[in-house]
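Enquirer: If you want the building blocks of each chain, they are given just below.
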Amino acid sequence: MIGDGLLNVEGVSRRRAGRAAVADVSFRLNGGEVLGLLGVNGAGKSTTLSMLAGALRPDRGRILLAGKDFVAHPGLARTLVGWLPESAPLWPELSVDEHLLAFARLRGATRAAARRAADAMVARLQLEPLRRRMAGVLSQGQRQRLGLACALVHDPALIILDEPANALDPVQVGELRKLIRERAAAGAAIILSTHVLGEVVAVCDRVAILHQGSLRHDAPLQGDEGGKALEATFFGIATGNAA
Amino acid sequence: MTVLAVTRLELRRLAVRPLAWALAALTIAWLAWTFILGLGQFVAQQVKYAAVADAPGFTDLVAIPLLAELAKLAFLVVPLMTMTQLAGERRNGTLALLASTGLPPWRIVLGKYLAVLVWLALWLMATLAMPLVVGLESTADWGKLASATLGTALMLATLAAIGIACSAATSFPAIAAAMALIVTLALWTIDRGAQAAGVNGGFLEWLTMATHLQNLLRGLVTTADLAWFALAIAFALTLAIRRLGADRERQ
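Residue numbers (numbering that gives the first Met the number 0), protein chains in the order written: chain D, 0 to 242; chain W, 0 to 250.
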């Protein structure tokens with residue numbers, strides 16, 4: 000047992016396309032913490048996040064969510080996990096409003112509760128002008144905001160965001176950071192996967208770096224205001240010159 | 000109940016996609032034309048049949064051939080309706096998103112299957128409305144019509160289950176539709192070789208869908224035929240559920 004955080008990842012491994020995409024990864028995350036997950040392309044970030052979201056099963060190891068084995072209790076994902084996958088997959092023929100209602104209902108909300116949750120997300124992410132618009136005609140940035148709203152509509156305890164700032168303009172990036180800090184302050188544990196080191200420095204409490212499927216670094220970010228130390232660590236790991 | 004949440008979501012998607020409307024409009028127009036032709040012939044032959052004892056009536060000459068025509072169209076329509084159900088979702092990345100809501104594969108499969116069944120039931124009812132309206136003013140054989148309707152409904156449900164299973168097997172909707180078409184045609188005619196060789200009865204005849212549908216279209220409802228359809232539906236849906244479950248293992 001590594002600890003008693005909201006999320007305990009214990010020795011998780013997963014092979015994909017005949018190679019170890021994720022190998023023996025372990026970490027812990029408490030409620031209110033924001034973890035930045037860094038790594039070059041193919042480092043295993045998306046595979047790790049897919050396993051944490053319940054879309055992929057680990058070959059080895061355990062994922063404990065609120066103390067329960069996630070594989071043995073896949074229903075935990077229904078209420079506890081919100082996931083924004085990379086490129087925010089949506090149903091092009093459904094409107095923004097229909098997406099939010101559908102995701103809330105799929106997470107088990109009643110019709111009235113789903114309506115309230117959808118209204119709250121529309122207001123919080125400023126989606127009101129887009130409410131009746133089909134997802135298929137939204138811009139990439141608008142799709143990203145809708146994907147984020149769908150991930151948060153049921154107020155999950157664990158929020159998994161894969162490249163959430165993709166295609167967002169600087170104002171929206173600022174809003175996203177505010178939203179992440181707001182959710183963390185409300186007690187949610189957040190994992191933010193990104194290629195942008197500045198994004199991690201701006202909102203994360205801790206950073207984990209994956210390289211070739213292994214967790215090479217997991218440490219708090221305090222005292223690294225400019226992100227210089229993080230940059231040095233990241234490039235050291237990515238280029239194989241880590242101390 | 001999350002099965003119904005999936006069904007509602009799927010029905011909403013069907014309602015706003017042009018494919019479902021186009022298929023419904025074109026096929027119902029074709030069936031209406033078939034019905035009018037059949038009705039015209041039936042009226043024209045009334046004098047001839049009036050002198051014959053136990054002559055075939057409106058149900059045999061108009062209503063059941065109309066259902067048989069719908070069954071023929073279903074070989075094409077149902078694979079087109081089911082092809083995107085899981086294959087399209089997998090291709091768009093929304094299937095992983097559905098899986099991440101903690102829904103077990105059986106709920107996703109059942110929810111989508113029910114949505115297709117609702118569409119097919121409406122299609123069948125729109126078709127059935129034609130002979131029903133005329134039948135109310137004539138001497139229809141209601142028992143035979145009910146049996147034929149049950150048989151057609153079971154056939155549609157079986158084709159839908161096979162379509163969902165094929166859609167679960169691939170990421171390409173067109174391949175799913177082609178697979179469903181081939182599998183259902185094979186299931187329809189699997190005993191043809193045996194019949195050509197003069198062999199009747201046996202396992203191949205039992206396996207053939209036509210054997211069981213034809214009994215129902217003739218007004219003969221047997222437990223064995225109903226059980227065949229139930230088994231075929233359960234088998235196809237089980238395959239779909241297992242394939243979806245394997246996605247989480249082997250992606």
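It is worth saying that the hints were derived from the structure and are not from the lab. Be aware that one or more of the hints could be misleading.
[Claimed, not checked] Just some of the chain W residues that point at chain D, by a computed CB distance under 8 Å:
hint	residue
1	A4
2	L8
3	R11
4	V15
5	R16
6	L96
7	T100
8	L102
9	P103
10	A145
11	R191
12	G192
13	A193
14	Q194
15	R247
Bear in mind that the values here come from a model prediction, so they are computed numbers and not experimental data. Ideal placement from N, C-alpha and C gives every residue a C-beta, glycine not left out.
Enquirer: Does each hint fit the structure? Answer for all of them.
Expert: Hints versus structure:
no.	hint	verdict
1	A4	4 Å, holds
2	L8	5 Å, holds
3	R11	6 Å, holds
4	V15	5 Å, holds
5	R16	6 Å, holds
6	L96	5 Å, holds
7	T100	5 Å, holds
8	L102	7 Å, holds
9	P103	7 Å, holds
10	A145	36 Å, violated
11	R191	40 Å, violated
12	G192	41 Å, violated
13	A193	44 Å, violated
14	Q194	45 Å, violated
15	R247	5 Å, holds
Checked against the numbered hints given earlier, the structure breaks hints 10, 11, 12, 13 and 14 and satisfies all the rest.
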